[in-house]
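*Asks:* Note that the protein sequences, when read in sequence, are chains E and R.
Going by our numbering, the first sequence wraps up at 197, each residue one higher than the last.
Going by our numbering, the second sequence wraps up at 495, each residue one higher than the last.
Just so you know, the hints here were simulated from the structure itself, not pulled from any lab data.
You may find that some hints are simply not true.
Calculated cross-link-like contacts (lysine-lysine; reagent style DSSO-like; alpha-carbon spacing at most 30 Å) [unchecked claim]:
1. R:344 <-> E:116
2. R:344 <-> E:44
3. E:4 <-> E:133
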Amino acid sequence: MNNKKKRYAMLVDLRKCIGCNACAMACKSENDVPLSVWRSWVKKVEKGQYPDSKEFFLPIVCNNCDKPICVTVCPVNAGIKRPDGIVYIDPHRCIGCRYCIASCPYGVRYINPRKKIAEKCYWCHHRVDAGLKPACVLACPTGVMTFGDLNDPRSEIAKAIAKKAVQTIKPDMGTDPQTFYIGLEQSAVEAKKIKEE
Amino acid sequence: MDTQVLYNIFHQDAFGFNIAMYIYLTGVSAGSFILSTLAYGFGLSQYKPLGKIGVVVATIVLVIAPLFLLFHVGMPYRAWHLFIYINLASPITWGSFLLILYPINCIIYGYFMFKEKMKLTRIFGLIGIPLAISVHGYTGFILAFGKARALWNTALMPILFLVSAVISGIALMILVFVIKESYFSKDKKIDRELIFNLGKLLAWMIVLDLFLVACDLIVLSISQADAQAAARLLLRGKFSFLFLVVENLLGKIVPFILLTVPRLRTMATTIVASILVVVGIFFMRYVVVLAGEFLPLL
Chain E
1 MNNKKKRYAM
11 LVDLRKCIGC
21 NACAMACKSE
31 NDVPLSVWRS
41 WVKKVEKGQY
51 PDSKEFFLPI
61 VCNNCDKPIC
71 VTVCPVNAGI
81 KRPDGIVYID
91 PHRCIGCRYC
101 IASCPYGVRY
111 INPRKKIAEK
121 CYWCHHRVDA
131 GLKPACVLAC
141 PTGVMTFGDL
151 NDPRSEIAKA
161 IAKKAVQTIK
171 PDMGTDPQTF
181 YIGLEQSAVE
191 AKKIKEE
Chain R
198 MDTQVLYNIF
208 HQDAFGFNIA
218 MYIYLTGVSA
228 GSFILSTLAY
238 GFGLSQYKPL
248 GKIGVVVATI
258 VLVIAPLFLL
268 FHVGMPYRAW
278 HLFIYINLAS
288 PITWGSFLLI
298 LYPINCIIYG
308 YFMFKEKMKL
318 TRIFGLIGIP
328 LAISVHGYTG
338 FILAFGKARA
348 LWNTALMPIL
358 FLVSAVISGI
368 ALMILVFVIK
378 ESYFSKDKKI
388 DRELIFNLGK
398 LLAWMIVLDL
408 FLVACDLIVL
418 SISQADAQAA
428 ARLLLRGKFS
438 FLFLVVENLL
448 GKIVPFILLT
458 VPRLRTMATT
468 IVASILVVVG
478 IFFMRYVVVL
488 AGEFLPLL
């Protein structure tokens, strides 16, 4: 197992999500994310008319894509994909040109208003390297999120993904996202054109 | 089934006014440079009076343009990273080298032109044409690489940008030429023949531009959901006034009528048409950049 390459992935079981935002809060405090920007958040969508209606939640973290367009377009190689699949930004190299923000199909990147550089979720790689789980995974009270190595067939995530129907957000973008969802509601991933009118 | 978004996060807009302005200025520069090479590179002698002002405008505008990039980036004093940590897959890397090579070539070309060394002028003029095309065309690739934005992600983008660059270059050349001839030349006599020739060239380039915009819109309005939303945004949404009225009616159709209908063709209407085009093409950049990133992705 140890000589095999790692490929980290995240599995989000939306059937268990109660929309409590604990993951978003844990992320904020773990990664010192400034006000007005978020590395992870819970999108909420209401389908139907009360009383025949239901709220759907979509916890969003970076997909840490296998073919990340943000890494392709970064002019200074500040976006880096690690051999284990985690995509992170070198804060000393980023010039804040915002091209990655323009090209990311998932809108997970932002400019840190204090440091003026691009930042995003990188599955808390500082915790993962120390053998811990990402902050959002630990904070979730209902165990929605599973994090682990896809290439290890005995890992919890590899077993779950092998046995269940999983979806990703916008697979048509050709970015090969590595955050998988169970029970993804179509209307939650479509951009509602609320700004259009 | 009606669904509504109760809660979502939208981050900052990636590009904005600064990038629109930057793309506009590189376009003006490339257009002016290409006009300047008509006489000195290709030997079309009736355009000879444009050679010198063409290269001067191209160089000055291209020195101003990157300043907008420095206003735009968060860490301007890290700009040297662009030349150290090179990623050849990124259009911005192509651009950072073109933005160095093109003005240097402009200055050499202009220097030989003012020294009346025709052979060398011709060589550097011909080298400059692919550089001018690239220094503006790459901005089309920057937007086209934003693959989730339906308005940007089209192979038409570089060619659409180049055609509108030539339009804005010709229009600005007409204006600069008229100003120079009426205030800074000795005999204060404007070469009307040249102005009307440029006007005709401008009119037919406008037709080409309108054709490309129509191609883009027709395919957008029938393509996948995001593309249809982008087409609706331009035709009926928040950007419809800027796109339909300012960019296309005032910026292209009205100048085309002023320039082609023989009864309307005077010095004054040509100048008015050029001003309309110069302003209209700026709004073309503005609409493409701002409308492209206007729709939320998730």
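*Asks:* Give a verdict on every hint.
*Replies:* Going through the hints against the structure:
Under the criterion of a C-alpha separation no larger than 30 Å, the hint pairing residue 344 of chain R with residue 116 of chain E is consistent with the structure, at around 24 Å. Pair hint residue 344 of chain R plus residue 44 of chain E holds up; C-alpha atoms about 25 Å apart against a cutoff of 30 Å. A C-alpha spacing of about 20 Å is found between residue 4 of chain E and residue 133 of chain E, which places the hinted pair at or below 30 Å, so the restraint holds.
Hint compliance for this structure: every hint is met.
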